[in-house]
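Given the structure of chain A, go ahead and fit chain B onto it with the hints provided.
The listed protein sequences derive, respectively, from chains A and B.
Quick note, the first sequence lines up with residues 225 to 441 if you use my numbering.
Quick note, the second sequence lines up with residues 3 to 470 if you use my numbering.
Simulated from the structure, these hints should not be mistaken for laboratory data.
Heads up, some of the hints might be wrong.
[What the hints assert, rightly or not] In silico PhoX-like cross-links for lysine-lysine, where the CA-CA straight-line distance does not exceed 25 Å:
(1) K399/A with K10/B
(2) K44/B with K409/B
(3) K399/A with K381/A
(4) K399/A with K384/A
(5) K367/A with K399/A
(6) K381/A with K409/B
(7) K426/A with K243/A
(8) K94/B with K10/B
(9) K409/B with K384/A
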Amino acid sequence: MGWTFTNPLFSLATADQNKVAQDIWEGESLGGIAENNNPLPRPIIGLLVLTFITANALTFPLYGQRPNAAIYHDYVSLMNSGMVQEQMNDHSISHNQANEKAMALIENSLAQFDSPYTFQRIQHPIDLDQLRIIAPQIVELQKAGADLEQYSVIGDKILKANFFNLQPDGTIIAKQPWWDKGYMISMFYFFGFCLAVIVTVKRLPHWSWRPDHSIAH
Amino acid sequence: MLKHLFAKEEDIPQGSAGIFFAISSICWFIIGTGLGSFNAAKLGFPDFFHGSYALQFGHMRQVHVHAVIFGWIAMAFAASMMYITPALGNTKLWSEKLGIWNCLLYNVGLCLALALLWSGITSGREYSDHIWPIDLYIAFVMVVPWSLNVWMTILNRRTQGIYTTNWFFAASMFMLIIVFLIGNMPEFLHLTGLNEAYMTWWFAHNVLGLLITPVAAAITYYIVPKVTGNPLYSHRVGHLHFWSIVVFYSTPAAHHLMSSPLPEWLKSFASVEGVLILVPAVAYVCNILLTMQGRWTMFVENIEIKFTITGVLLAIPLNMQGGFQQTRAINWYIHGTGWIVAHAHLALLGFSTFAEAAAVYYGLQVLLRRKLWSASLANFHFWMLLIGFSLYWISMTIAGLIQGAAKIYEVPYVDVVIAEHPYMIVRWLGGTMVFFGNIIWLFNMVMTARAGDPVPVGRQPAEVAYTR
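Pulled out of the complex, with its shape left as it was, chain A reads as follows:
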């Protein structure tokens, strides 16, 4: 099997090999079916590149995970403050109104400070009744010195997150990594695939050659 690398983007097959391939292509009827030698349309190539970028971007674990307990830690601290407690226990208004006012106080206070959890709090809003349920568990974990980012809020429970983020020293952190070797493997895999397909199609006669189907049909 001969190869030529003088113009690899044009053809990897020698002129003789291309001539043989063209003769077979034009001279043979495969059950009455013919094939053209068109390239993939350029917009479609653009779409495929976009697909690869989208595939990586969309699969990063940024969205849609269960909320971790750390994002509600400040909520719990503020809920236990005197000002919010007073609002929560205001019996002159209904339970829901008291909740809404107390929650507004908490959110106004949180808006005054920068937080690494701002985005996640928008993703996972919480109301005061839910906060009441999970607050004692968050306080317990905090007292025990736990890293709240390693705990997920699942309904009314706070549980150790189901992540196994293996560290170089062998310890495991139960946090979702934003990047892991799965993405690295997929990149090598994809580029390996592209290389293999390019080699395969460059062994065919160049796409500028149009087969004459009148010979065999």
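Same frame as chain A, now just chain B:
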């Protein structure tokens, strides 16, 4: 069929195996969709028919799934391969006798397998539900002889080149045997836990990705150029499609288990590969639709093209949906909901069924040398299938999104059941339309065999479809 079982190879008419597989596939399609309609009725009308152990939903679901996959889809594939593979190699089928025995033992095996599932003897793993003796029977009595016939026909071809369709046929059969034997390891070796879960979904994903999707696509690579008379748009795009199916479809099994404690890197890798399934999909759809250039009137006029192109068009939402449903961003919300059921039906009842129906319509006319008894009934079947499928797909998509919301917001289960009720009725209606359409189809094909006008030698069925 029986008279050919012990006949000499040269005394068996060419195409016999294809005809028997084709008729069997239509019968199994009726059985499979009938069971599906019955199951849907149990969901739509909870008081409908209960009290019988064998007819409980848990049993019937498995029987429906396997009647459709191994009965309708796989036998329609076998029928297609039995006539397309030799046609593309300008030769005859390697062994009609083997094909006929294969068809008989396939039907016997499937009856046995479904009877065991019906009686509750099952591995309990979705899609690989059979117990190990049945797995071995399927692999070595049903699939290996079928594969052998395909491979040997290709090896004995009278052409130097191998057309795209035959690459897919040969490779898919090879991959199916591997998928079947490795994917059933939990049953053979009593694997448990994550190994069992991963292998189960590796099997389920790859039966679809390495058998059903590529073979359905391969059929359309044959039907569209053959019936329209246009050359395939691009041989080189066929290469891109073939290799990207092998590479990107074989790896994303872990995306079925995104919430499981599988290693995160495996899930990340699988998820990227899952989106990259769009690569073969885009290449394939582009190749077929561009082959239709100048022949789009056939999409309206010709029954085989109508079925085929509808299937190809359904491949677009199928792959867009599947590619993104499995990402973490969406999977957390929709996992385990009816939208996944809708997606599975989009793949099996949408894309692949339309392609297979085209192949069976075309194949029976070519092999019997008779034109369709009734083009009107074929069109009626097409619309029953399309409308019935669409009702099913849309209603289950909506139902799935309701379930997803209810799951996240922890809505009480009984409230979800009530909210789902109208969609379950529409689901039953759609499935029942498909079932009745298939009965009409069988009638039409039986009448074609008995009373269809002969197709003149040297003419295509499509050329004489509207002549009297």
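Hints versus structure:
1. K399/A with K10/B: violated, 68 Å
2. K44/B with K409/B: Status holds; Cα separation ~23 Å.
3. K399/A with K381/A: It holds: about 18 Å lies between the C-alpha atoms, which stays within 25 Å.
4. K399/A with K384/A: Status holds; Cα separation ~10 Å.
5. K367/A with K399/A: Holds, because 20 Å separates the two Cα atoms, which is no more than 25 Å.
6. K381/A with K409/B: holds, 16 Å
7. K426/A with K243/A: holds, 14 Å
8. K94/B with K10/B: holds, 15 Å
9. K409/B with K384/A: Answer holds: K409/B to K384/A is near 21 Å, not above 25 Å.
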